[in-house]
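Novice: Since each chain sits alone in its own frame, please combine them into the complex, following the hints.
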Amino acid sequence: MSVVLNEPGLAVEGEPVRSRGGFVWRTVRRRPSATVGATLLLLVLLGAGLAPWVAPYPLHQQVGPVFGHPSWSHPLGLDDGGIDMVTLLMWGARISLVVGFAATLVSMLIGGSIGLLAGYFGGRTDVVLMRITDYFLVIPDVPLMIVVAAIWGPSLFHIVIVIGILLWTSTARVIRAQVKSVRERVYVKRARSLGAGHTRILVRHVVPQVAPLLIANTVLTIAVAIFDETALSFLGLGDPSRTSLGKIIENAFQRAAISSGAWWAIVPPGALVAVIILGCSLLGGALEDALNPRLRVAHLSARTFRLRPLVGRSAESI
Amino acid sequence: MRGADYVIKRTAFAVLTVFVALTINFALFRLAPGSAVSNLSRVPHATQELRQALKRQFGLDKSKGAQYVLYLKQLVHGNLGISFENQQPVSHNLWIALKNTLPMVLVGTLFAIVLGTLTGVIAAWRRGTLAESATVTTALSFYSMPTHWLGLMLVILFTGILPTGGMSNDFLINPSFWTHIRDVASHMVLPSLTLGLVLYGEYTLIVRSAMLETLGEDYILTARAKGLTPWTIIRKHALRNAMLPIVTLVALSLGYIVAGAILIETVFSWPGIGRAVYDAVLQRDYPMLQGAFLLLTVSVVFFNLLADLLYFKLDPRITS
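Protein chains in written order, with the working numbering: chain A, 314 to 631; chain B, 274 to 593.
Excised from the complex, chain B in its bound form (with noise of 0.2 Å):
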């Protein structure tokens, strides 16, 4: 069957892919000249037994080859190494980090998606008029804007009225279930409110095109001649064949937004994969990093294939 040829061929592009991060991943932190684990072994005023005890430590008296086999079945038994910054396994670190970031991004996200499509659906309906022009120049501002910098702005202007830095207030004592929740999420408004504009402004020129493209289908003018109202028309006819393209540039975007995330862990100290990045490159942190990068180099490819698959499961015309 040719649908399974096509889940087959994508699935084993994505893991080709994901072996290929693995072993940039590998070159950028050994084979570049003067790295970071290579200067490890360069202590100052070290005697030949420690730089023997630390190349053999961390593996360095091998080959390169070997070291890259070692790599690979450290890997494949999940083992990122440890940090050098708290002395756990890099993927204890990441998957605390992980769980703080999955749900500011998911608000931020969904914010966006809902936004973006009403705003993309008017500019597309009302075309050339100035709820059109409106929308767009609204969603071009919030796209231009360095997404740390739309952050920095919600903090000037919210400051006192929501909190700005951290995930939790660290004085409430043995708070409640409840006072904990409510406590996070007044935490999460604004970092997921600056993901969500950011990423508003792409989804309603995405939308608004799509839309535009079906628009101009010959179905919408044979709904349009059968009295149907505007309402019906948009949601029954034009958004669901529109929905194509939508559906896989979110899934798209969403693989780069843990990244993205980066910025705004940043601005807010949120606890999460960004601002575990962040940290590890402020504190010369290499086996964090590492394990960062391929957990969001994995995630992009992730959700590459899920756009992917999507697309094939909602266009029955793709066949190849």
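Bound-form chain A, shown alone (with noise of 0.2 Å):
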């Protein structure tokens, strides 16, 4: 017995080893806001990368009154320049996304490559990496974020770098915590023990187990990133040659949509954030509860006092 306690690896596991893979597809599966969160991003994509071919007007053209109102032509009306709102939107998303995409690349390589290193070198290395992680986790983004795109000028390029480089705090703690336990695993000790060197761990044995949290982790970021780039664009500091869904409502709201009545200028882009923001809350919540080990807990419900089992069937709750 003595044997088997001294490899966690193996005192883990319960049920009958399935693939991972497999694993986070059934968990998935069994949540409905998994599904939801899924259905509403790939829609928002959808849309958003058929813009050239299927967007029912020109983007740059005004093709109707300014400030029109929605009609069966225009079903959501048209913005101050009398552009079709369908179609801004459309174009809109786009460039948000891309925005939300690039930033959270950009902080996934600093928070995933400094949790990775903090939690599988350990000792010195960790204790300077997360002290590191510690300031920028107390410095606030968005005061930061403004500073700096004042500074640089407002680009998307800079907006991009700005909101990457301060967001990978939390990135990189759960990676550093998940890879700490990961490095202690039966099998990286024996790959270790036949000569295998840091890299060859890293890539082949560490990265692969990290990899689905990270990814979980990359469509929370992403709803940050977008919700920042919102708020960036709304104070003034977005690129201004190119629309994105946070420069759409504050054109609107500098050019007087709401005093000339004109809600459907500015409902409908919030609200498509929104979407985007809760499509990938509840995408990347529902993955994180599927894959991360300490939020998987058995739970008495409060009404029935039944006791929930512990592995992979919790996935009713959020």
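It is possible that part of the hints are untrue.
[Unchecked claim] Among the chain B residues that face chain A by a calculated CB cut under 8 Å, a handful are:
id : residue
1  : T290
2  : V293
3  : S417
4  : P419
5  : L425
6  : V428
7  : I429
8  : I535
9  : L536
10 : T539
11 : V550
12 : V554
13 : L555
14 : L562
15 : L569
16 : V573
Hint data in this document are derived by calculation from the structure and do not stem from the laboratory. Keep in mind the model is a prediction, meaning the values are calculated, not measured. Backbone N, C-alpha and C define an ideal beta-carbon position, used for all residues, glycine too.
Specialist: Here you go:
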């Protein structure tokens, strides 16, 4: 018995070992929230991706009166330049998503590698890297973004970098915790005793184990990045030549859409941002729940006092 | 004693963080290529003397190291510089703005805490029912909305019913004290409500998961077996123990609220810190921006420290 207990990797699994991907898939399928989130995101992605082909009107052309009312030919009305709102939203979602994905990529690269290094090497590396993370965690994101964006000047590239270099802290922490546990597993120890170098262990054994968690974290970070882009644009720090969803809201606000009664110029872009963030939160939350062992706890349901089984079946909880 | 040790350690970390923030603050504004302060001495068609005089006035003729020391020295004396915009000391401007921001933020936060705790407890207690999915879905929806957009929605809904901009009615001549209070309060409803709604979504989710955690504990089963009413179980046994993560997370979020108020104050033209940041960005009023950033950082660090200390005070199990 003591042999088994000395090997943490063996003591954990109670049920027969199945592929990790299969486990994720089963868990996600059992939660409606993941399906809803994925559907919402897919719809937005489809609309944004197909904008050049299916957008009903040209983007830079006045096709009707300024703040024209919604009608059959323009279901969501027209904006302050007489541009069709549906067209504008499709292109805007495109820019917002690009910013969201690019900024998230930057933050994943930073956060992922810091988490990986800190968790894998431990010791002094861990202390130094986590101390840096702690500092970044405390510094308020939005004001620093504003300051940096204001100094560097408005451009899409700057926004991506600014958001990216400020969002990585939570990723670094989550990944570090996971890597710390993976590092102690038996197969990693065996690989090491067989003479595998750090690079090989990291690439072949550690990264594949933390990758799903990294993906879940990515989905959550995209939501924050898109929110931040919307906020920066609203404060006039967005790229003036690129119409993102945040920019559409800012334009409508600055050009008095509200006092003109043109609610259609301001409600849909924000609602679309909310839909994207909601989709990301639902999907990312469900994925993280399925993957992060710390969140998978047995609960007594208060009303029925039925004990919910531990692994994999706590699917109904968010 | 270990407790004193912990407090000293956390405080030292907070002080160090502020120092790092100070340094970032300095570096951002002075070392960045083509930054604002060095641009100042590049007035077009300026004579050599004017340039020298400007450089001397802003201390730009000194080395970066000397500038840094000078900056720290002035900060210790409470000197944050002079606003480009209204030629007043930045600290004076910030103080006025802070006085306007605090009541609005506090009312909104209080609203969010009360509503969030209520719905969070309901969601956890009625787990797996329609009540849970309804509260969680509502909370998630509000959580997903861009802050300024939610503010604009409220403006659209309440135009004509409630004042949607500014902090007081400028056309009231010599209002009595109570009229003035009523006036400010009515202006405060929408910005506070926006802040409250955005935060409430987050708080509901936090309270719910904290409650679920405690409701699974054995002592809840014991309390139930003793025949206590649900209300007593929630109030005396579950919520008290769930308070730990709730209190710390609320304290943490307080630090960010001041920063989050930037968007709300911009929408409602509320003359607070956030509005000051927005105006400083628009006017490229760098001393103001720098001062405001410092204030926001210090507030976040302070509330972080508060959260740490509260955690320590509330949970006797923490020793290291």
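Novice: Taking the hints in turn, state whether each one holds.
Specialist: Hint-by-hint comparison with the structure:
Given the 8 Å rule on beta carbons, the hint for B:T290 holds: about 5 Å separates it from the nearest Cβ of chain A. About 5 Å separates the beta-carbon of B:V293 from the nearest beta-carbon of chain A, less than 8 Å, and the hint is met. The criterion of a C-beta within 8 Å of any C-beta in chain A is met by B:S417, whose closest approach is roughly 4 Å, and the hint holds. Evaluation of the B:P419 hint against chain A yields a held restraint, the C-beta minimum of about 5 Å falling below 8 Å.
Look at B:L425: its Cβ gets to within about 6 Å of chain A, closer than 8 Å, so that hint holds up. At about 6 Å, the closest approach between the beta carbon of B:V428 and any beta carbon in chain A falls short of 8 Å, and the interface hint on this residue holds. Residue-level restraint check for B:I429 holds (minimum Cβ-Cβ distance to chain A is 6 Å; threshold 8 Å). Hint on B:I535 holds. Least Cβ distance to chain A is approximately 6 Å, under the 8 Å limit.
At about 6 Å, the closest approach between the beta carbon of B:L536 and any beta carbon in chain A falls short of 8 Å, and the interface hint on this residue holds. Checking B:T539 against chain A by beta carbon gives a least distance of about 7 Å; that is within 8 Å, so the hint holds. The interface hint given for B:V550 holds, since its Cβ lies 6 Å from the closest Cβ of chain A, which is under the 8 Å cut-off. Taken as an interface hint, B:V554 checks out: its beta carbon lies about 5 Å from the nearest beta carbon of chain A, inside 8 Å.
Given hint, B:L555 at the interface with chain A, holds; its Cβ is 6 Å from that chain's nearest Cβ, closer than 8 Å. Taking 8 Å as the C-beta cut-off, the interface hint given for B:L562 holds, the closest approach to chain A being about 6 Å. The beta carbon of B:L569 is positioned within 8 Å of a beta carbon in chain A (closest approach about 5 Å), and the interface hint is therefore held. With a least beta-carbon distance of about 5 Å to chain A, the hint placing B:V573 at the interface is held under the 8 Å criterion.
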